Structures are given as C-alpha cells and as structure tokens.
Amino acid sequence: QKEVEQNSGPLSVPEGAIASLNCTYSDRGSQSFFWYRQYSGKSPELIMFIYSNGDKEDGRFTAQLNKASQYVSLLIRDSQPSDSATYLCAVIGRGDMRFGAGTRLTVKP
Amino acid sequence: GAVVSQHPSWVICKSGTSVKIECRSLDFQATTMFWYRQFPKQSLMLMATSNEGSKATYEQGVEKDKFLINHASLTLSTLTVTSAHPEDSSFYICSASPAGGQETQYFGPGTRLLVL
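Line by line, the protein sequences are chains A and B. With the numbering used here, letter number 58 in the first sequence gets 58, and the count goes up by one each step, no holes. Add 1000 to the 1-based position in the second sequence for the numbering used here, that's all there is to it.
It is worth saying that the hints were derived from the structure and are not from the lab. Fair warning: there could be bad hints in the mix.
Said to hold, decoys possible - The list that follows gives simulated cross-link-like pairs (lysine to any residue, SDA-like), each with its CA atoms no further than 20 Å apart:
#: 1; chain 1: A; residue 1: Lys-42; chain 2: B; residue 2: Lys-1066
#: 2; chain 1: B; residue 1: Lys-1041; chain 2: A; residue 2: Arg-104
#: 3; chain 1: A; residue 1: Lys-42; chain 2: B; residue 2: Met-1045
#: 4; chain 1: A; residue 1: Lys-42; chain 2: B; residue 2: Ser-1005
#: 5; chain 1: B; residue 1: Lys-1066; chain 2: B; residue 2: Val-1011
Predicted, not measured: the structure shown is a model, and the values here were computed from it.
Starting from the given sequences, assemble the full structure and let the hints guide the process.
This is the structure:
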C-alpha cells in the first residue's frame, strides 16, 4: 500500500463548479497535511496545510481532514480555468513529508 | 517569505560531464533540504534529504556517488550530477524546510537538465 494515495485523474469540471480532490494516507500517526499545486513544467507551490480534524477555508479553497478515516480532501469552489493543474497531497507522519502521485484537474471554460 | 531559489534554471550538457545545481533559501534558514527528480508526466520522486553539516540520506535506488549533495550552510545545498548521461535528463527540484523534515517544504523553481 502506498503511503499517500490520490486518484490520478484527470478530473474535469466546468468553470464555476466545485472541484473535489481526495487523498488517503496509510500512517495513522500522521499529523500534518498539505496540498500543493503544480502547473505543467513548474515546481509545486503550497496552497494549504491542515493539522486538525475538520475544515479549513482559505478563499476559494477548503481543506478537509478526517484522521479517523485517514482521509484529506481539497475543495475548490467557483473553479476557474487557471485552476487547471496537478494537485499534490503531502503528509508528514513519523518520517519526512511524503507526496501522493497527484491528481490532474482540468477546468473547462 | 519562504522563498527558495535554484540555479541554473536550465542546463544543456554533453554526456560525461558533471553539472552542479544550487539551491538557496533566501529568507529563512533551512535545516533540511530535499532534492527531487521529476520525469515528464510523472510524479515527484524524492532523491535525497540533506541536513546542514551532515551527510545526505539517499532514497533507495539513488546512487550517492553519482548524485553528490553538499549542504554546506543553512541557506545553501548543491546537487552535482557526475558523469551525466542522457537518461539523467530530467526536472530537478529542491525544497527547503525551516524546521527539519517535520514542517512545510517550500520548493525552488526547478532546474531542467538536458544531457546530449
């Protein structure tokens, strides 16, 4: 079982819709969870981090964490074509940060 | 804040030569820096973790004699690809963490290497 798993996609949503990106992790002791966005040909950039169960909102982005289910998600409201990118889930457990393979999101005008 | 730079941004070299890539944290001290490699349309692959003043820890399958890492100061780590071959052509990305491996990583812009 991979440490961090994401649906590779591609996930396609129409402009203005809500995009939902999901991630599961295997280390039950994980404490810190991150979402990065990576545009094609560029390096990842941090969008959000979350440490506690529940929701954390930042603008159009909401991170949701459920430690009991070992599940973290990212919701993007009012999706824009500029949101089209690969979204990487990252988890810090007992070791260093581990990344999922990423989910490719396409927002169609 | 939390800006990480890399130099060069791209490099083309002949097979058999060595290439050095620098990674700098510009506005914070990075106790730990990470080196990743990413092939087209594939996910990030961690190559090694370096802590200032100590030897780097390499991931399984990464040749430490081929990919030399030096983390000489709290703001600078270098990756040297020795005797580069065409299969080493890739996108090399560093990241830095201000508090060891247990905190947010901030990524550099990446270095695209093409070995002819």
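Each hint, compared with the structure:
1. A:Lys-42 with B:Lys-1066: Status violated; Cα separation ~25 Å.
2. B:Lys-1041 with A:Arg-104: holds (10 Å)
3. A:Lys-42 with B:Met-1045: holds (15 Å)
4. A:Lys-42 with B:Ser-1005: Holds - the C-alpha atoms of Ser-1005 of chain B and Lys-42 of chain A are around 13 Å apart, at most 20 Å.
5. B:Lys-1066 with B:Val-1011: holds (17 Å)
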